[in-house]
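Enquirer: Line order of the protein sequences matches chains H and W.
The first sequence begins at 1 in our numbering and counts up one residue at a time.
The second sequence begins at 1 in our numbering and counts up one residue at a time.
No wet-lab data here; the hints were simulated from the structure.
All C-beta atoms in this analysis are idealised placements derived from N, C-alpha and C, irrespective of residue type, glycine included.
Certain hints may be false.
A few chain H residues facing chain W, derived, Cβ under 8 Å [stated by the list, open to error]:
#, residue
1, Gly106
2, Asp145
3, Leu147
As a plain string of letters, each chain reads:
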Amino acid sequence: MKGGGCPPLPLTRQPCFLSPVPIPTRSTIFSFCSDPATLEGIQWYSCYLTTGKHLAFYMSFGTVLLLLAVTAPTALLFGFGGAMAARARFTPLSWLGKIYISVVRGVPDIAFFLFFVIALDQGIEYLRHKVKCPDWDAPIRQGNDFLVCSIAKMPLGDAPQWLHEAYGFSLAVLTFAIVFGAFAANVLFGAMQAVPHAQIETAAAYGLSHRQTFWRILVPQMWTYALPGLSNLWMVLIKATPLLFLLGVEDIVFWARELGGSKTAKFTDYPHPDWRMWYFLGLLVFYLVFTRVSELVLDRITTRLAHGQATVDGEAQRKAA
Amino acid sequence: MSCYQTLQDYAFRAFGYGERMLPRSDFTLCEQFTLIGSGLLWNIYFGVIAVATGFVLANFLALGKNSKSAWARKPAEWFIFLFRGSPLFIQFFFAYFLFLSLKSVSSFFNPLSSAWAGALIVLFLNTAAYSAEILYGALRSIPKGDIEAADAYGLSGWTRFRRIEWPTMMRLAWPAYTNEAIFLFHATTLVFFSGFPAWQQKGDALYYANYFADKTFNPFVPYPILAFYFILLTLVIIAVFGRVNTWLNRHLPQSKRPKLKFKPNLIR
Numbered sequence: 001m002k003g004g005g006c007p008p009l010p011l012t013r014q015p016c017f018l019s020p021v022p023i024p025t026r027s028t029i030f031s032f033c034s035d036p037a038t039l040e041g042i043q044w045y046s047c048y049l050t051t052g053k054h055l056a057f058y059m060s061f062g063t064v065l066l067l068l069a070v071t072a073p074t075a076l077l078f079g080f081g082g083a084m085a086a087r088a089r090f091t092p093l094s095w096l097g098k099i100y101i102s103v104v105r106g107v108p109d110i111a112f113f114l115f116f117v118i119a120l121d122q123g124i125e126y127l128r129h130k131v132k133c134p135d136w137d138a139p140i141r142q143g144n145d146f147l148v149c150s151i152a153k154m155p156l157g158d159a160p161q162w163l164h165e166a167y168g169f170s171l172a173v174l175t176f177a178i179v180f181g182a183f184a185a186n187v188l189f190g191a192m193q194a195v196p197h198a199q200i201e202t203a204a205a206y207g208l209s210h211r212q213t214f215w216r217i218l219v220p221q222m223w224t225y226a227l228p229g230l231s232n233l234w235m236v237l238i239k240a241t242p243l244l245f246l247l248g249v250e251d252i253v254f255w256a257r258e259l260g261g262s263k264t265a266k267f268t269d270y271p272h273p274d275w276r277m278w279y280f281l282g283l284l285v286f287y288l289v290f291t292r293v294s295e296l297v298l299d300r301i302t303t304r305l306a307h308g309q310a311t312v313d314g315e316a317q318r319k320a321a
Numbered sequence: 001m002s003c004y005q006t007l008q009d010y011a012f013r014a015f016g017y018g019e020r021m022l023p024r025s026d027f028t029l030c031e032q033f034t035l036i037g038s039g040l041l042w043n044i045y046f047g048v049i050a051v052a053t054g055f056v057l058a059n060f061l062a063l064g065k066n067s068k069s070a071w072a073r074k075p076a077e078w079f080i081f082l083f084r085g086s087p088l089f090i091q092f093f094f095a096y097f098l099f100l101s102l103k104s105v106s107s108f109f110n111p112l113s114s115a116w117a118g119a120l121i122v123l124f125l126n127t128a129a130y131s132a133e134i135l136y137g138a139l140r141s142i143p144k145g146d147i148e149a150a151d152a153y154g155l156s157g158w159t160r161f162r163r164i165e166w167p168t169m170m171r172l173a174w175p176a177y178t179n180e181a182i183f184l185f186h187a188t189t190l191v192f193f194s195g196f197p198a199w200q201q202k203g204d205a206l207y208y209a210n211y212f213a214d215k216t217f218n219p220f221v222p223y224p225i226l227a228f229y230f231i232l233l234t235l236v237i238i239a240v241f242g243r244v245n246t247w248l249n250r251h252l253p254q255s256k257r258p259k260l261k262f263k264p265n266l267i268r
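Using the sequences and the hints, build the whole thing.
Expert: Printed below as a string of structure tokens:
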């Protein structure tokens, strides 16, 4: 195992607290919460649901949304790169793009998540090790150990807690982006092929160069073909967010398990039996609402994008107008 | 220890046969291949049964969603929305804790809190919902001419459904359904990471791959082995479903039969 304060990130399903920040156990929002033992009914629940840990639970929904907000554009970027590589005229590059697309899609995504988080972590530390400690002569892999010099650790052993969390989170984002980038690449590749060939020929007839044709003709027109695939991918991405839990990020699944488990009066002011089922029911409802809203928004965008396009949808809009 | 010995010890370890202790140090490539392959049996178990049973339910759900009667349509729509709109991972967790609390009601529910039954039910319902949506889409896109021709031949009701609508629906849906089957097999890897305990370390392929990665802190061996197995599994699924596809289109001349291409599209 790696040395240092925290066990290496992917090995623990539970995140590691280097310097546990004390979370207030009592609600600070309502004044009547000062003595939880006397509370009943609605008051008990309103106090229970506003404890410090519950506030952290609500914040973790923000983590999920943040992950989506960061991952979606990054994955799209990876996808764009992959699709461009796959249709490159330089054959090895096009092979590379196609291998990236097909290998990631052929293997369960969760395996990639578990793999990339360790692989990226080790890769980064290996590179830093090579740069920062060039005269280190012991081998890095010794049996079951992965040893790099201490100044090559990521993040450094004495780094503050938030840096550890931020590093774990960005590894997760990168992993998500690599996996979903392959799927996006597949969609975009298909969309680029779907743009009518006459458009490309016309561009050539006007004397546009290859590059100009790509950026001015192909890319603006491909989105309407890509959108069904991309919106499907967005739905899949939403539903993949709970996997953050497996990557060691304190997300909603982590808190639902933590808060739902049965609590005795010895350790908490709000004892309750095993409520994990209800917490996960809450998460289920959250995801149902989220996907439903996404569906409605994406439908709107589809209609908007079809405007003025040479497709069935676009034609129907033209006739209706 | 020879590789043959390892094979004897661990080939069915995932089901509890053979050596009880997992290897603890000095992992050989053979041990990793054997154990991960042994875990793959669980993935096959979950996948095959869930696909087979889910297919039956999916047919009813697709017909229900296509039904004119709201009594059949609404439940089917809600079922499909419920399982397609939420992550499988959360479904697993929810189901596991639900089964745990059922367990305290009656001992009849005991098997449900172990993976072989509980997770199987979730996978079954999940794939039924996804497949139903595919079949429903196919049902809606049956060419109008086919139905008119059936009418002209005097076919109606059950006969028309059995001889015209259902086979056409299958033909249209099959490529997408193949895709769904592949991703269901991939989804089976979630089982032991989502509440359901791997009792006595009897887990699936990913469980063992993760075990090795944890122990050796080297992800570059077990995960590629896992990937190799899954690519192999995917190819087998495509071969089997391709056979069925050929059979479904047996009335067409050889050159006109649609080929099943390996073009997985993520739909989960």
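Enquirer: Compare the structure with each hint and give your call.
Expert: The hints, checked one at a time:
| no. | hint | verdict |
| --- | --- | --- |
| 1 | Gly106 | holds, 5 Å |
| 2 | Asp145 | holds, 7 Å |
| 3 | Leu147 | violated, 10 Å |
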